[in-house]
Structures are given as structure tokens and as C-alpha cells.
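Colleague: Protein sequence lines, in the order shown, are assigned to chains A and B.
Residue 429 is where the first sequence ends in numbering that gives the first Met the number 0, and the numbering goes up by one at each step.
Residue 572 is where the second sequence ends in numbering that gives the first Met the number 0, and the numbering goes up by one at each step.
Hints may be right or wrong, so weigh each one.
One side of the interface only, derived from the structure: several residues of chain B facing chain A at Cβ under 10 Å [to be verified]:
(1) Ile45
(2) Thr58
(3) Gly60
(4) Leu105
(5) Leu276
(6) Arg427
Calculated cross-link-like contacts (lysine to aspartate or glutamate; reagent style DMTMM-like; alpha-carbon spacing at most 20 Å) [claimed, not checked]:
(7) B:Lys512 / B:Asp213
(8) B:Lys62 / A:Glu47
(9) B:Lys459 / B:Glu478
(10) B:Lys59 / A:Glu29
(11) A:Lys391 / A:Glu405
(12) B:Lys531 / A:Asp373
(13) B:Lys468 / A:Glu360
(14) A:Lys229 / A:Glu164
(15) A:Lys355 / B:Asp487
(16) A:Lys336 / B:Asp500
(17) A:Lys336 / B:Glu274
(18) B:Lys411 / B:Glu448
(19) B:Lys128 / B:Glu159
(20) B:Lys44 / A:Asp45
(21) B:Lys59 / A:Glu47
(22) B:Lys572 / B:Glu557
(23) B:Lys459 / B:Glu436
(24) A:Lys355 / B:Glu425
(25) B:Lys517 / B:Asp503
(26) A:Lys340 / A:Glu280
(27) B:Lys278 / A:Asp337
(28) B:Lys277 / A:Glu105
(29) A:Lys355 / B:Glu532
(30) B:Lys176 / B:Glu163
(31) A:Lys336 / B:Glu501
(32) A:Lys246 / B:Glu501
(33) B:Lys176 / B:Asp130
(34) A:Lys355 / B:Asp422
(35) B:Lys62 / A:Asp373
(36) A:Lys2 / A:Asp45
(37) B:Lys72 / B:Glu18
(38) B:Lys62 / A:Glu29
Hints are computed from structural coordinates only; laboratory data are not their basis.
Even glycine gets a Cβ: it sits at the ideal position worked out from N, Cα and C.
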Amino acid sequence: MRKVCTRILSIAGNVVTVKTSGIAYEELAEVSTSRGSSLAQVIRLDGEMVYLQVFAGARGISTGDEVRFLGHPMKVGFSYNMLGRIFNGSGQPRDKGPAVTENMIEIAGPPANPSKRVIPGRMVRTNIPMIDVFNSLVESQKLPIFSVSGEPYDELLARIALQAEVDIIVLGGIGLKYDQYMYFKKTLEEGGVFSRTIFFMHTAADPTVEGLMVPDLSLAVAEKFALEGKRVLVLLTDMTNFADALKEIAITMEQVPSNRGYPGDLYSQLASRYEKAVDFEGAGSITILAVTTMPGDDVTHPVPDNTGYITEGQFYLRNGRIEPFGSLSRLKQLVNKDTRKDHRAVMDGMIQLYSKYREAEEKRSMGFRMSEWDKQLLRYGNLFEAQMMDLKVNIPLEKALDNGWEILARCFKPEETNFRTELLEEFWPG
Amino acid sequence: MSRLSGRITAVNGNMVTVEFRGDIIQNEVAYVLTGGKRLKAEVIKIDGSNAFLQVFEYTKGIKIGDEVEFSGKMLSVQLGPGLLGQIYDGLQNPLPEMAREFGSFLPIGVELSAISFDRQWEFSPRARKGDKVTGGSVLGTVPEGVFEHKIMVPFDLYAEYVVEEVAPEGSYSVDKKIARLKDPAGKVIDATMTFDWPVKIPIDAYKEKLHPRDPLPTRVRIIDTLFPVAKGGTYCIPGPFGAGKTVLQQITSRHVEVDIVIIAACGERAGEVVETLKKFPEIIDPRTGRALMERTIIICNTSSMPVAARESSVYTAATLAEYYRQMGLDVLLLADSTSRWAQAMREISGRLEEIPGEEAYPAYLESRIASFYERSGLVRLHDGRIGSLTIGGTISPAGGNFEEPVTQSTLKVVGAFHGLSRDRAEARRFPSIDPLESWSKYGGVIAPEQIKIARDILFKGEEVSQMMKVVGEEGTSLEDFVVYLKSDFLDSVYLQQNGFDEVDAATTVPRQKYVFAKVIGVLRGEFSFKDKEEGRDFFYNLRHRFIDWNYKEWESSEFKTQENEIDSLLKGK
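Model the full assembly from the supplied sequences, consistent with the hints where possible.
Modeller: Written out as C-alpha cells, the structure is:
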């Protein structure tokens with residue numbers, strides 16, 4: 000028999016309190032109001048007092064409403080029928096399709112044993128030169144995309160979803176605007192990858208708390224697929240909204256805030272999600288790309304700062320391009336040695352020259368006289384930005400490397416670059 | 000003794016409140032019995048008949064009224080032969096065994112024995128019948144890898160005991176009796192090769208603590224030369240993300256000149272631990288000719304594992320390190336990262352509703368950090384041998400700002416500060432230790448006068464470089480420009496080191512002395528150039544040759560040839 004309470008003692012923020020016994024920590028309950036019902040989760044037990052966060056928000060809840068405990072923690076279905084489906088932040092269908100009730104799995108399961116992980120070594124090709132050439136994405140990597148609001152991070156995520164060589168894509172949206180949601184849906188449908196994508200969509204119109212579940216739902220499903228040998232790409236956007244939802248609940252629960260109002264366990268909360276990125280020994284993998292918008296373009300803000308310590312590098316999206324400086328894929332060394340032998344040299348050589356271009360550009364803007372060498376650099380920089388950095392460029396790695404040599408040859412003499420003679424002989428055009 | 004038990008009255012995150020009757024001990028281990036599982040927990044606060052416990056597992060599913068069983072023992076680790084080469088979680092559960100038994104995920108509520116009870120060890124007795132012994136005295140030895148593992152009298156036997164009997168030479172498993180001891184009151188105690196020690200209490204079975212004096216060569220030039228670490232000393236490495244803290248610790252753990260390295264991966268990425276634990280068994284330690292793993296223990300409590308176990312993991316690591324120090328060995332404990340450990344304390348303190356200090360860290364943050372680093376030390380053991388434990392901790396300051404509580408509390412208690420800089424990391428200057436901000440209170444391998452010359456050049460060079468940003472190269476005097484070139488030269492050829500190159504990754508002390516003397520020669524040299532262009536060309540040329548020199552095997556013929564080239568270039572000026 001399930002416990003039912005008909006008296007809500009307190010309502011504060013999105014947290015309600017009831018008095019009952021025999022309830023398990025993190026158990027789910029259903030709150031029925033005159034406006035419909037919502038799931039809620041136990042977040043604190045104190046004697047007979049049970050604190051629940053209500054996913055649909057506490058607005059409109061009456062003290063006389065019914066709280067029915069379900070006797071189990073949050074679960075999500077797992078089935079191949081979920082591919083091509085859209086769910087909300089409670090794991091319920093959003094697309095008018097049937098609910099998935101088979102094979103229910105608990106979300107936020109135990110962490111993977113480090114000794115069952117393998118050293119990552121397979122590249123995920125995206126056909127974006129700034130990623131493939133300069134900061135290769137590696138299977139099982141976790142990388143955030145740091146950007147300010149207004150940057151085309153949705154476009155970038157959608158492009159990676161369309162082009163990445165993976166078996167299954169899980170797209171988790173947290174606090175998205177409705178048009179962002181429609182954009183993803185439309186782009187993935189038109190791109191023909193919809194049938195191998197699972198959406199967990201929480202929009203800004205939905206109650207905040209519901210967004211808290213999205214990463215866990217997405218990753219629990221991804222993990223199951225990975226254990227079945229699938230290469231899964233999880234795209235999350237926007238993790239700053241997730242952190243803000245955590246903050247909201249923490250403040251309601253009167254937790255002592257640590258930094259700018261965020262709870263002291265922000266690092267652990269983010270880490271337990273990002274650390275689900277894994278390459279299992281003898282099975283599949285999970286790769287995570289997550290948009291983290293930086294309030295005020297401030298990388299020392301607690302959310303990007305904590306994220307940076309957790310993830311394996313980051314992509315900075317600025318002025319519609321992936322910045323070569325600051326962006327880093329910590330795992331690229333594991334893959335770029337096996338692609339083509341000029342890969343590493345082109346990667347370093349082109350960036351060094353681009354950094355010199357930036358210096359020359361600075362000199363130019365300050366009105367200093369331009370030497371012949373400076374002019375060469377300016378020419379190089381412009382070509383580099385147009386043919387490598389522009390996010391519209393869509394070419395495989397090998398083509399990008401060839402283009403790199405072309406650009407170099409158009410601007411410099413071989414000895415003006417820093418390449419080894421052996422590479423120059425083989426790759427220098429003409 | 001009937002086990003004491005209690006009932007859960009509240010659950011809040013990883014903290015539970017338990018109502019109990021009888022006597023319990025602060026920091027004792029208890030088990031929450033829920034859903035057929037036993038979740039390990041530790042008593043962290045007692046108030047009347049309520050005990051507050053931090054649970055080392057996820058608390059999902061715990062109910063009010065669940066039974067809690069108190070063990071009567073403080074949180075302890077098991078000591079004995081067989082620890083080396085192991086990979087443990089923060090509570091000393093062996094992770095590879097876990098994987099063998101439970102598969103890809105860490106099971107909840109499971110404990111495995113830290114060392115094998117089946118394995119046989121070749122025991123050679125040292126003590127004799129009638130010997131007077133006390134905690135830490137050596138009863139015998141067993142070979143463990145390249146080391147002679149000392150079998151000691153358990154450290155909590157503080158009185159003087161008389162040896163009644165010692166097992167003869169032979170093979171024994173760790174739980175077999177190898178000695179019988181009698182205390183002054185005539186009570187007899189049986190000793191085996193293994194015993195427990197509570198992790199939060201420092202091992203003190205030694206005669207005296209000495210002043211750390213001898214440098215500990217890490218073979219990282221900027222550390223050994225400019226900011227040395229002493230055997231038995233402490234140091235910290237704060238740095239923003241991406242500055243290369245973990246890489247620096249990995250390189251140190253490979254090349255450092257100590258007997259044993261204990262790596263505490265505390266709340267960091269699992270991926271990095273995987274690299275260490277998959278590669279170390281393959282890397283041969285040139286000093287012993289055996290796999291590096293044989294001198295290493297990894298305590299791995301990554302960021303996704305429960306936070307309370309993270310708090311304990313650094314103590315687990317410190318206790319294992321102290322145990323090997325008791326054998327007269329030099330041990331280095333690398334903790335990465337102490338900020339995660341401090342954050343774990345903060346989380347627990349918040350749940351206890353303690354009055355928060357700065358940035359919500361508990362008021363006792365400073366004293367906890369201090370007492371952790373105080374577990375380091377150079378000690379004289381009962382039999383006169385010397386052992387040392389050196390502790391190096393990384394810090395991940397929020398926003399990369401060193402003015403935060405963890406960095407500041409640590410700086411008060413450590414002997415050396417290796418501050419990493421984001422600017423240097425982004426300019427790809429590795430190791431990215433800031434040569435202007437860092438310091439060390441220990442004496443190093445290089446004479447202080449030489450160090451002073453080098454540091455003066457670095458400071459002046461920085462001044463000139465700042466000035467040049469305003470007035471441009473044109474506005475700088477040739478004299479100042481040469482100072483700038485010298486400082487850039489010192490940085491490029493000596494302070495930077497290529498961690499991916501086999502030779503350059505590790506520079507021994509004799510080589511450091513030799514090369515640094517030559518670098519000092521250049522720094523002191525009076526050069527006359529007709530213009531800046533000529534000066535720049537000369538120094539770039541010299542730099543190029545020096546860097547090539549760094550890649551040559553020490554004392555090889557290529558090393559000599561390259562040196563001659565440098566000498567002739569210098570003579571020309």
C-alpha cells in the first residue's frame with residue numbers, strides 16, 4: 000500500500016512539507032492539485048517531516064492537496080523505441096506518443112569503476128576544422144562550450160549532432176526557449192538523424208525544478224546504450240540553467256551558500272553528471288558536450304569555473320567562431336598522432352602563425368607601420384579565419400589539413416614557417 | 000560485546016541523524032542497514048542521544064527508523080605487506096577486485112579486504128626471544144617488490160614488551176601469528192603481519208621528528224633549482240584549471256627520487272587516474288629496473304564518488320604513507336586536489352548547520368589543513384634509522400584567484416609554494432610555475448649566490464618587458480634589451496622543460512648543477528652588440544643550441560659535441 004498524505008504543512012519556493020513515516024530518501028511522490036498532477040522528489044527527511052521538491056512548481060498547490068508516495072526513486076524507461084521520441088524533464092512524452100514503461104531504470108546510478116575504464120583513443124570526427132584539426136574531440140571526452148548568450152551555440156551543437164560519427168544522440172535541453180527547442184527538432188529532422196536521437200526537453204516555460212532531472216535522465220539512458228556497446232553522444236544545453244535551478248532549491252532549503260549564492264556542493268553536483276562520460280572496457284562509450292553560458296562573459300563565474308575543473312578542456316565560442324586561444328581539448332594528444340603525420344605539426348604551426356597575426360593586427364590597429372612580414376601575416380590571418388575558423392566550413396580532417404598547407408603556401412615561403420624539412424618536402428604544395 | 004545500535008531520525012544529503020543509547024565514540028564507524036545493504040558511515044558529531052553520521056555511500060533509499068549498527072572502531076586502514084602497487088578507493092577498497100567481482104560500476108554497501116589473506120610471504124625473523132620491543136619495532140622482514148618490508152609491532156602498543164617467541168623463517172600469510180609479546184603486566188599479545196590504524200590519527204611510533212634539510216630531487220629543473228622541496232617537507236601547487244597541475248604531479252610521480260610514491264586522487268577526473276593506472280605498470284623505473292607501479296599506491300576517489308569518502312581519502316593516503324616511512328623509507332604523498340577535500344568538509348559542515356567562515360568553509364578549515372600537512376616529516380625511528388614523508392598538495396582555487404581560503408590557509412603551513420600561472424600555460428611555457436611569485440623556504444642543490452643572480456635577471460627582465468609594452472622596442476635602451484633577452488633565455492632553456500621528451504622530462508641533480516653553471520655564465524656575460532637585431536639573433540641562436548642540448552643524453556658524446564658548439568658560440572662574443 001502506498002502512503003498518501005492529504006495535508007501539506009508548508010509550502011516554500013518549490014518545496015512542500017508533509018508529515019508521514021516510512022518514506023525513503025529521494026523517493027518519488029505524485030502531488031495532485033486542481034490544476035493537474037506533478038511528480039515530486041523527497042529531498043530531506045527529518046523525523047516525520049518529509050520535504051519534497053515539486054517538479055511542476057508549487058504554484059497553485061493547496062494545503063489540502065493530496066501527496067501520494069510511489070515507493071520508488073526517479074526512474075526512466077529504456078528501450079530502442081525511445082529513439083526519435085521527445086520527453087520532458089520528468090521523463091514523460093512531450094510528443095503525444097505513448098509513455099515508455101518497459102525496462103524502467105533508476106537514474107543517477109553509481110559511478111563507473113575507474114579500473115574498468117579504458118584510456119580514450121578514438122576521435123569523434125565533426126568536420127569542423129577548428130575541432131578536428133586544432134582540438135580534436137575524443138570519444139568519452141567531456142567538454143563544455145563556453146560562450147555568452149547570443150552566440151550560435153545551438154547551431155554548433157546541432158551541427159555536431161548531425162555530423163558526429165556516433166550511434167545514438169541524446170539531447171538534453173534545460174531551460175531552453177521554445178524556439179530553440181523547435182530549432183533543434185527541425186534541424187535534426189531535416190538532417191536525418193532524428194530517428195537515432197532521444198530528446199529530453201525542458202523549456203523555459205516549464206517549472207524550473209523539472210530541468211534538474213534532465214541531465215540525469217539523459218545520462219541514465221545513455222549509459223544503458225553504452226553498456227550495450229553503442230557510441231553515445233550526449234548534448235546538454237544549457238548547464239548554467241541547471242546550476243541555477245540547483246541554486247534555487249538550495250536557497251529554499253536554507254543551505255549556506257558558498258559563492259555568489261550557489262550551494263557548496265556545486266562542484267560535486269556538476270561532476271557527478273560530467274563524470275558519466277566514459278569509455279567502457281569491452282562496451283560502448285559516452286561523450287558529453289555541454290553548453291555553459293558565462294554570465295557577463297566571466298570565466299571565473301562559479302558555473303564555468305567549476306565546470307572547467309571537471310571537464311577535459313573547453314571550447315570557447317566567441318564572435319561566432321571557436322577561439323583558437325583558450326579552447327583546449329585535453330585528450331587530443333591521444334588521437335592526433337594516428338590521423339595523418341602532418342596533423343600535429345599543422346596544428347601547432349598554424350596556431351603559432353595565427354598568434355603572430357594577432358600581434359601584427361594589434362600593431363596595425365594602433366597605427367604602427369606594417370613591414371612586409373606583417374603584411375604577409377595579415378593576409379594569412381584573414382585566410383585562416385575565412386577558411387578554417389568560419390563555422391560554415393564543413394570539410395573532413397584530411398581536406399582541412401590540405402587546405403592548411405594551401406593557405407600557408409599562399410602566404411609564406413617554406414623556410415618562413417616552422418616545419419620540419421621532411422614534412423615540407425612531402426606536403427608543401429607546388 | 001553486543002553491538003550497539005540506533006535508529007535513523009533524519010536524512011539530509013549524505014548526512015543522517017541517528018538516535019542511540021549507550022556509549023559511542025567520535026569518528027567511530029557505523030553501518031546504516033537499509034534495503035538489505037550495509038552503508039558505511041562515520042560519526043562526526045554527537046549531541047545528547049543524537050549522533051550525526053556522514054555516510055560514505057549514496058543515501059538514496061534510506062528511511063526514517065532504519066537500523067544503524069555501531070562498530071566500536073574508528074575509521075581505520077589495514078596495514079601490512081601487499082599494499083604497494085594497489086589501487087584503492089578512499090576507504091581502501093581495492094578497485095580492480097571490485098571490478099572483477101561487481102563489474103563496471105562501483106557497488107553500494109560493499110567492503111573488500113585491502114590486502115590478500117591468501118598470498119604467502121617469505122618471512123625472515125629479526126627480533127629474538129627476550130628482546131625488548133615497542134610499537135614500531137621490527138620483528139622481521141618480508142620482501143615486497145624491491146623493498147624489504149618490515150614487519151613491525153603494532154603502533155598502538157606503546158608500552159615496552161618482551162618478545163616471547165618469533166616465528167622461524169618460512170612462508171606465512173598475513174594473518175598467521177609471527178610473534179608473541181608480553182607486556183609488563185604479563186599479558187600476552189599475538190602479533191601477525193597485519194594490523195589496523197585509525198586514519199585520522201598520525202602514526203607516532205618514532206623517537207623524534209627532525210628538521211627537514213636535505214633536498215628532495217624531483218628532476219623538474221625549476222623546482223629543484225629555484226623552489227626546492229626538502230625530504231620530509233611540504234609544498235603546494237595552486238593553479239587555475241588548465242594550468243597543468245595534474246600533469247606536473249604525474250611527471251613528479253614518475254621521476255622523483257624517493258622510494259615510495261602515494262598518489263591521492265581526491266575528487267578529480269577519473270580519466271586522469273585511468274592514465275596513471277594503465278600506464279604505470281608498463282613504465283620501467285630506471286632506478287630499480289622494475290615497473291613504476293611497484294613503488295606506487297594510488298588512492299582514487301574521483302569527483303563522482305560519494306563526497307564523504309573524499310574527505311577520508313587524504314587521511315587514508317597519509318596513513319599508508321606514514322606506514323612506509325616507519326620502515327625507514329623516503330615517501331612522497333601527492334594529493335590532487337586538496338581543494339576538493341576542503342569542499343567535502345564544507346559540504347558536511349553545511350549539513351551540520353555550523354556557522355560558516357569565509358566562502359562558507361568551516362572555521363576549522365585552517366587547522367585541518369595545518370594538521371594534514373603536519374603529518375609530513377623527517378623522523379628518527381626507534382632503531383636509529385631515518386624515514387621521511389614529504390607531502391605535496393595541489394589546490395584548485397575558485398576562479399584561479401589565490402586569495403581564497405584554501406590557498407591562503409595552505410600557504411601558512413607549507414615550506415614551498417609553486418604557483419601556476421594561466422598566462423604561462425597559455426603561452427605553452429611548461430611547467431607553468433610562476434618564477435616571480437613562487438617561493439621556497441628550503442635549501443636546494445644550487446648555491447644561493449647563483450640563485451640570486453638568476454632571480455635578479457628574471458625580475459629585471461620582467462620590468463623591462465612591462466616597459467616595452469608601453470614604449471615599444473624602439474624606446475628601450477640596448478642595455479635593458481639585453482637584460483630582457485637574458486631573462487627570456489633563462490626561462491626558455493632552463494625553467495621550461497619538455498615533459499613529453501624522454502631526456503628533457505627529467506634532469507638529475509649533477510646535470511642541473513652543470514647546466515645551470517653554464518646558464519649563469521651567460522647571464523653574467525658582458526655582451527656588446529651593435530644593435531638590438533644582432534643581440535636578438537645571438538640569443539635566439541644560443542637558445543636554439545641550448546634547447547637541443549637539453550635533449551641530449553647526459554654525458555653522452557652528443558652532449559659533449561653540443562656543448563662545444565655552445566662554447567664556441569659564446570667565445571665568439
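Colleague: The structure should be examined with respect to each hint, and the outcome stated for every one.
Modeller: Each hint, compared with the structure:
Annotation: interface hint on Ile45 of chain B violated; nearest CB of chain A at approximately 18 Å, more than 10 Å. For Thr58 of chain B, the shortest C-beta to C-beta distance to chain A is roughly 5 Å, which falls under 10 Å, so the interface hint holds. Restraint check, Gly60 of chain B versus chain A: the minimum CB separation of about 5 Å is within 10 Å; hint holds. Taken as an interface hint, Leu105 of chain B checks out: its beta carbon lies about 5 Å from the nearest beta carbon of chain A, inside 10 Å.
Of the supplied interface hints, the one on Leu276 of chain B holds, with its beta-carbon coming within about 6 Å of a beta-carbon of chain A, less than 10 Å. At a threshold of 10 Å, the smallest CB-CB gap from Arg427 of chain B to chain A is about 9 Å, leaving the interface hint in force. Taken as a hint, the Lys512 of chain B and Asp213 of chain B pair is honoured in the structure, with Cα atoms around 16 Å apart against an allowance of 20 Å. At most 20 Å may separate the alpha-carbon atoms for a hinted pair to count; Lys62 of chain B and Glu47 of chain A meet this at roughly 10 Å.
At most 20 Å may separate the alpha-carbon atoms for a hinted pair to count; Lys459 of chain B and Glu478 of chain B meet this at roughly 12 Å. Note on Lys59 of chain B and Glu29 of chain A: the hinted pairing holds, with a Cα-Cα distance of about 18 Å set against a maximum of 20 Å. Restraint check for Lys391 of chain A and Glu405 of chain A: satisfied, since their Cα atoms lie roughly 19 Å apart, inside the 20 Å limit. Distance hint between Lys531 of chain B and Asp373 of chain A is fulfilled; the C-alpha atoms sit about 19 Å from each other, no more than 20 Å.
Using a Cα cut-off of 20 Å, the hinted pair Lys468 of chain B and Glu360 of chain A holds, with the two alpha carbons roughly 15 Å apart. For the hint pairing Lys229 of chain A with Glu164 of chain A, the CA-to-CA distance comes to about 11 Å; that is within 20 Å, so the pair holds. Between Lys355 of chain A and Asp487 of chain B, the direct Cα distance comes to roughly 18 Å. Compliance with the 20 Å bound is thereby established for this hinted pair. The suggested pairing of Lys336 of chain A with Asp500 of chain B holds, with an alpha-carbon distance near 15 Å, which does not exceed 20 Å.
A threshold of 20 Å between alpha carbons decides the hint, and for Lys336 of chain A with Glu274 of chain B the separation of about 17 Å falls inside it, so the pair holds. For the given pair, Lys411 of chain B sits about 26 Å from Glu448 of chain B by alpha-carbon distance, which is inconsistent with the 20 Å threshold. Pair hint Lys128 of chain B plus Glu159 of chain B holds up; C-alpha atoms about 14 Å apart against a cutoff of 20 Å. Simply put, Lys44 of chain B and Asp45 of chain A have alpha-carbon atoms about 17 Å apart, close enough for the 20 Å limit, and the pair holds.
Taken as a hint, the Lys59 of chain B and Glu47 of chain A pair is honoured in the structure, with Cα atoms around 17 Å apart against an allowance of 20 Å. A distance of roughly 23 Å separates the Cα atoms of Lys572 of chain B and Glu557 of chain B; the hinted pair therefore is violated under the 20 Å criterion. Of the supplied pair hints, the one linking Lys459 of chain B and Glu436 of chain B holds, its CA atoms being roughly 14 Å apart against a limit of 20 Å. About 14 Å separates the Cα atoms of Lys355 of chain A and Glu425 of chain B, which keeps this hinted pair within 20 Å; it holds.
For a cut-off of 20 Å, the pair hint linking Lys517 of chain B to Asp503 of chain B stands: about 17 Å separates their Cα positions. Among the hinted pairs, Lys340 of chain A with Glu280 of chain A is inconsistent with the structure: their alpha-carbon atoms are about 28 Å apart, more than 20 Å. Simply put, Lys278 of chain B and Asp337 of chain A have alpha-carbon atoms about 19 Å apart, close enough for the 20 Å limit, and the pair holds. Between the alpha carbons of Lys277 of chain B and Glu105 of chain A the distance comes to roughly 31 Å, so the proposed pair goes past 20 Å and is violated.
Taking the CA atoms of Lys355 of chain A and Glu532 of chain B, the gap is about 18 Å. The hint holds against a cut of 20 Å. With a C-alpha separation of about 12 Å, the suggested pairing of Lys176 of chain B with Glu163 of chain B holds against the 20 Å cut-off. With a CA separation close to 17 Å, the supplied pair Lys336 of chain A and Glu501 of chain B stays within the 20 Å bound. With a C-alpha separation of about 47 Å, the suggested pairing of Lys246 of chain A with Glu501 of chain B is violated against the 20 Å cut-off.
Between Lys176 of chain B and Asp130 of chain B the CA atoms are separated by roughly 17 Å; this keeps the pair inside 20 Å, and the hint holds. Taken as a hint, the Lys355 of chain A and Asp422 of chain B pair is honoured in the structure, with Cα atoms around 16 Å apart against an allowance of 20 Å. A C-alpha spacing of about 71 Å is found between Lys62 of chain B and Asp373 of chain A, which places the hinted pair above 20 Å, so the restraint is violated. Taken as a hint, the Lys2 of chain A and Asp45 of chain A pair is honoured in the structure, with Cα atoms around 17 Å apart against an allowance of 20 Å.
With a CA separation close to 18 Å, the supplied pair Lys72 of chain B and Glu18 of chain B stays within the 20 Å bound. For the proposed pair Lys62 of chain B and Glu29 of chain A, the alpha carbon gap of about 18 Å is at most 20 Å, so the pair holds.
Against the hints set out earlier in the document, violations occur for numbers 1, 18, 22, 26, 28, 32 and 35.
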